[in-house]
Amino acid sequence: MAAVALFGAGRIGAIHAANAAAHPKLSLKYVVDPVAEAAARIAEAHGAMLARAEAALADSEIAGVIVASPTDRHLDQCLAAAAAGKAIFCEKPIDLDLARARAAAPALAKARLMLGFNRRFDPHFQALKARIDEGAIGSLETLNIVSHDPAPPPVAYVKASGGLFRDMSIHDFDTARWLLGEPPVSVFASASCLVDPAIGAAGDVDTAKILLRTASGRLCLISNSRRSGYGYDQRIEAFGSRGMVRAGNVTESSSSTWTEPGEARDRFQSFFLDRYAAAYRLEMDHFAEVLAGAAPRVGYADGVAALALADAAAQCARTGEPVVL
Amino acid sequence: MGGAAAKVALLGAGRMGQVHGRNAVASPRFDLAWLVEPRAELSASLCNALGCRPAGLTDVLADSDVVGVIVASSTDTHLDLVLACLRAGKAVFCEKPLDLELARLRAYADELAAPCAPLYVAFNRRFDPEFRALKRRLASGAIGALETLHLISHDPAAPPPAFIPTSGGLFRDFTIHDFDVARWLLEEPPTEVFAWAECLVDPAIAAAGDVDTARLVLRCASGRLCVISNTRRSGYGYDQRVEAYGSRGAALAGNPRISTVETWSETGALAAPIYPGFATRYVQSYRAELDHFADVLAGEAEPETGYDASMAALLLADAAFRSLREGRSVPVETA
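Here the protein sequences line up with chains A and B, keeping their order.
Quick note: the first sequence uses my numbering, first residue 1, plus one each step.
Quick note: the second sequence uses my numbering, first residue 1001, plus one each step.
Misleading hints may appear alongside valid ones.
[To be verified] Simulated crosslink set (DMTMM-like; lysine to aspartate or glutamate; CA at most 25 Å straight-line):
(1) A:K129 / A:E263
(2) B:K1135 / A:D266
(3) B:K1135 / A:E260
(4) B:K1135 / A:E263
(5) A:K129 / B:E1266
(6) B:K1096 / B:D1155
(7) B:K1135 / B:E1300
(8) B:K1007 / B:E1130
(9) B:K1135 / A:E237
[Unchecked claim] Just a sample of chain B residues kept apart from chain A, beta carbon distances all over 12 Å, derived:
(10) Q1018
(11) P1160
(12) E1198
(13) A1207
(14) D1212
(15) Y1275
Hint data in this document are derived by calculation from the structure and do not stem from the laboratory.
Computed from a predicted model, the values in this text were never measured in an experiment.
Every residue gets a Cβ at the ideal spot worked out from N, C-alpha and C, and that includes glycine.
Assemble the whole structure, with the sequences as input and the hints as a guide.
Structure follows, in structure tokens:
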């Protein structure tokens, strides 16, 4: 059993805490959060203790740290955990500031840091990747990624989010990098505020179409919206020289009702914690592997690369000029 | 409807000429009298199949009983034939595109934009039952206000390399359909185009100076966005889909399959393939667009698309090529 500490007792922290506590190879020892009530609730639920960050990192029994705090705390907590020699599971994004994220390279590039890009751990997308890797569609040529949220977040969230590209598209940038098999070398983005004028007033966009291009000419489309109106729309289509492989949306049930107007299928899952519940469990499973000595499948460099793509997309959306990385 | 069958002539006995000829013969609304096709063998065999007679263009235009002409010859002949027919007072059904050159279209703008006989340029996708049903869903407000559009338009297999130099290039030959569908569904003209395109399918296409794989982003003044996905070779059939995203939901038109039969086995479920090409996938659209021409001839409808739509689609294609050359988003020229 490896003892771990959770930093951050918010919504995603609660998910990771439950998965860590339920994992046969992990034990959740500490919950660290300045909001004592939130920390206490999670600690109590899983038989963990409350602690301050310094104390948790000073405990030699702690092998790993789960960083699930607000985004602006991620990098500092990763640096502190790495300095204390702990393995790290850090929620995405690594940071919202590319220069700051890059400056952490000496400390983090070699750290045992696993970044929580949950799509990589989703069984549906993993199956799609496996089909690509086994050559089912020949050689991959292009990719269409659709990633639409069910409903826009509160404007207060938007203001602190780093903007659509750093907050939301960042997942898709990582998915694209993961599937394309070679790094994107240029980025185009066209974005609008069509969903909620308050998002525009906060200086952000809520609707975007992004194109990525790799050195060999592979093309990737990313479609983003803050509001679908029909649930959490998370799909991938990969086109290759011999065919196409796609991963579709997950419905709340497989039931469908057939009446005169047509076949009514059940709704798509509309909450990311539901849609990616298995991915979060598998992430924790991988963190247990990292603690046992495995190299993280997705780490610091991936976080920086996704952030660089986000910055490039934001720049292009402003200027209209595609950005060469 | 009703009334006597309209006496028409067919120009061109190639692939599309055969499709339109068969549909005209099968329709009670047409009396297909003449076929104009300089290649004697092709002409004889199609005349035989359709039960019409070979003729020269002059004879057809001199036949005062002929009210309409179906132009389905090779693209480079479309414009001259269309002009000749219009000048003779014949209504025209012209296979898309009207022409590949903006300058040529502009030179005849007056004659084509307000023609002395009806001019219908056949963008068949507007008559596809799948896309029409989707359009009706949009019009009914089922998804609220339309915000963005994805058009997936992938050919089953690359054409022979010899076709490429005459095609006008991917955007004028192939994407032109999607440009028209985008305009039809957006109901707002795109003002900016960005295109990335590559040759990933067949090096012979690059050698002929063209591309075979593309992603395009069209932008409207209101901020609405449309993505077009193109490839010359899918590997799994003719992939023709539209996804429309609105303020309250999405409407999707997918690929019909050649049958509903599915095979379930240990390895999973195998559904029947989608249609292998345009001739099978768009069978109904070709019938419906010819029926539309019958409506036009009967004075019951204005042509759904004519000079303006042709011009607008070609302007988008030219903008796409310009974007590709310049490597940036470019404004769409005005007619």
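Results of checking the hints against the structure:
1. Between K129 (chain A) and E263 (chain A), the direct Cα distance comes to roughly 31 Å. Violation of the 25 Å bound is thereby established for this hinted pair.
2. Between K1135 (chain B) and D266 (chain A), the direct Cα distance comes to roughly 24 Å. Compliance with the 25 Å bound is thereby established for this hinted pair.
3. Between K1135 (chain B) and E260 (chain A), the direct Cα distance comes to roughly 21 Å. Compliance with the 25 Å bound is thereby established for this hinted pair.
4. The suggested pairing of K1135 (chain B) with E263 (chain A) holds, with an alpha-carbon distance near 19 Å, which does not exceed 25 Å.
5. A threshold of 25 Å between alpha carbons decides the hint, and for K129 (chain A) with E1266 (chain B) the separation of about 21 Å falls inside it, so the pair holds.
6. As the CA atoms of K1096 (chain B) and D1155 (chain B) are separated by approximately 17 Å, the hinted pair is consistent with the 25 Å bound.
7. For the given pair, K1135 (chain B) sits about 22 Å from E1300 (chain B) by alpha-carbon distance, which is consistent with the 25 Å threshold.
8. For the proposed pair K1007 (chain B) and E1130 (chain B), the alpha carbon gap of about 30 Å is over 25 Å, so the pair is violated.
9. With a CA separation close to 24 Å, the supplied pair K1135 (chain B) and E237 (chain A) stays within the 25 Å bound.
10. Interface exclusion of Q1018 (chain B) from chain A stands, the closest Cβ pair being 30 Å apart, more than 12 Å.
11. Distance check on P1160 (chain B): its Cβ is at least 18 Å (rounded) from any Cβ of chain A, clearing the 12 Å threshold; non-interface status holds.
12. For E1198 (chain B), the non-interface assignment is contradicted: its Cβ lies about 4 Å from the closest Cβ of chain A, within the 12 Å cut-off.
13. Against chain A, the non-interface label of A1207 (chain B) holds: every CB pair exceeds 12 Å, the least being about 15 Å.
14. Interface exclusion of D1212 (chain B) from chain A breaks down, the closest Cβ pair being 10 Å apart, not more than 12 Å.
15. The claim that Y1275 (chain B) lies off the interface holds: its Cβ sits roughly 15 Å from the closest Cβ of chain A, which is beyond the 12 Å cut-off.
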